[in-house]
Amino acid sequence: MAKDVAVIGVGQTYFVRGYEGSIRELAFEAFREAMQDAGITQKDVAASIFCSAPEYDKQRSPAGVLAEYLGLIPQPTFYIETVCSSSSSGVKVAYSMIKAGLHDVVVVLGFQKMSEITSAESQERMGRGADIQWEAPFGTMMPAYYALYAQAYMAKNGLTHEDLMNVRVKSGTYGQTNERAVYRKGVKPADFDPNNPDARMAGAVAWPLRVGDACANADGASCVILANAEKAKAFSKKPVWILGIGAASEAVNMAARPDFAKGLSVGYGAAAEAYNMAGITAKDIKVAEVHDCFTIAEIMAYEGLGFAPMGEGKQLIREKATYKEGKIPVNVDGGLLSKGHPIGATGGSQIRTIVLQLRDEAGPMQVPGNPDIGLVHNVGGVGLYGNVTIFGR
Amino acid sequence: MGFEKFGRRSFTGITKTAKFVDLLAEGKVEGTVCKQCGAKFFPPRSDCASCLSKEMDWFEMPKKGKLETFTIAYYAPFGFEKDCPYTMGVVDFGDIKLFARLASDIKPEEAKVGMDVSVRPLKYEDGQMSFEIIKA
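One line per chain: the protein sequences are A and B, in this order. Residues in the first sequence are numbered from 1 upward in steps of one, following the working numbering. Residues in the second sequence are numbered from 1001 upward in steps of one, following the working numbering.
Rather than coming from a laboratory, the hints here were simulated on the basis of the structure. There may be inaccurate statements among the hints.
No more than 20 Å apart at the CA atoms, straight line, and that leaves these computed lysine to any residue pairs for SDA-like [unchecked claim]: (1) B/K1040 - A/A204; (2) B/K1097 - A/A256; (3) B/K1040 - A/E250; (4) A/K262 - B/I1096; (5) B/K1097 - A/A251; (6) B/K1064 - A/P258; (7) B/K1019 - A/Q133; (8) A/K262 - B/K1097; (9) B/K1066 - A/A204; (10) A/K156 - B/F1093; (11) A/K262 - B/V1113; (12) B/K1097 - A/D259; (13) A/K156 - B/K1097; (14) B/K1097 - A/H161; (15) A/K262 - B/F1093; (16) A/K156 - B/D1116; (17) B/K1064 - A/A251; (18) B/K1112 - A/H161; (19) B/K1107 - A/A204; (20) B/K1112 - A/Q133; (21) B/K1097 - A/A261; (22) B/K1064 - A/D259; (23) B/K1082 - A/W207; (24) A/K262 - B/M1115; (25) B/K1040 - A/A251.
Examples of chain A residues lying across from chain B (beta carbon under 7 Å, computed) [to be verified]: (26) I132; (27) A136; (28) P137; (29) A144; (30) A147; (31) L148; (32) T173; (33) V205; (34) W241; (35) A255; (36) F260.
We treat Cβ as the ideally placed atom computed from N, Cα and C, and that holds for glycine.
So here's chain A without its partners, still in its complex pose (with noise of 0.2 Å):
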């Protein structure tokens, strides 16, 4: 496995509801945490790419905005996006041109500023994120269309609401421990009893997703600084390298979608991409991060990435094997589900996760045996777009 481009430097804010600041207050505290672990300068930066859901930007084109305030002008800079995969996109670009030799050093920053819309507004704006003309006349919004999918995936393969209870429980187990979650409280199943009047999750969304089944909005930003061989050696003590990258596209409409049951195929299609880039399998992965916008979508997740068997997602939360003991530690930050999910921010975020556990540096996060290999898998729409990048040390 080639090692040509690391990571050398990674930051991220507080997720939080209602930041009290602008896009670009809110990104320079992620890019200033960013620089300080690289510990580098804006002149030591030859590039610049921002990453954002543009439906909630008030802000046209802020790539050249948040250059300015960042000051990373006059270097190149521009944007990328796909939604909630927008800066594991960003993270993408920034390889290839650094693997081309364009350019030595890059900056990716993925910010979302949420809180300025309503819920419902923030909805309507995430289900124009399918189809406008086909489907979004129907009023779907995407819990729905998750739901879509959890209905078929659990009728055919014995999936139970306890087992998508459970995936909630363990990501409040890490939430807790994860001081930039948004929702840092403990999650049991009295949560979810609809017999219990305090059940904070137990109200139906879009059946047969709950409330407890979905993340929350928040804003936040996160940054990821990219360099190549030379210059992550000069730099960095402990660069890690990108091993893998892989990512794939689906129909954005429902009725062009193959079989519901058996999960998005964006997810299948960018791990196969990513693990024979890196020249490894599901087995070599320590500690991963994946897509649990909703619980259904993690054990998803699991099948796509190959830590179980198509139908067999159930088994790993049953036994507790994505827990940080067991043989596939996953989403051991909370993952989206208690962070939250700040559209843009998202990707930087599990990345910046997976680098600190390969460095052996996410505290009370940390999986134990010093993980060599680590993976994001991060999800653009309803499966839209999928992206699966694969770290080393």
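Place chain B on chain A using the hints.
Relative to the frame of chain A, chain B by itself:
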């Protein structure tokens, strides 16, 4: 013009496939089929993704399908709130699929994965045109 009549709420009014709305008014739910290579599409397209042809015909969707999956929306996006709860699903006709709401006379608890269903045009009281999944 004309396509703004499609859907409970429309987001775009102009498409070369706007005839779809006229067909709904005639009582037909139709997809498009490529005159050159025979590829079938639903929802309709005016260009063939298989052979790049722009010569497309209309064809009527099959009548007998199975409900592959569904969801009951208890929350709705902006502009759809008054309809809650409503059920949406995907019908598999074998060689082609369709996404729509389930007719309101199918109670949520009646919906089952694998049940026999069909599809028919739907006219809302405000004149908007759509189509819905019905019991077979």
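**OP:** Against the earlier hints, flag every one the structure doesn't satisfy and list their numbers going up.
**Re:** 1, 9, 14, 17, 20, 32 and 34
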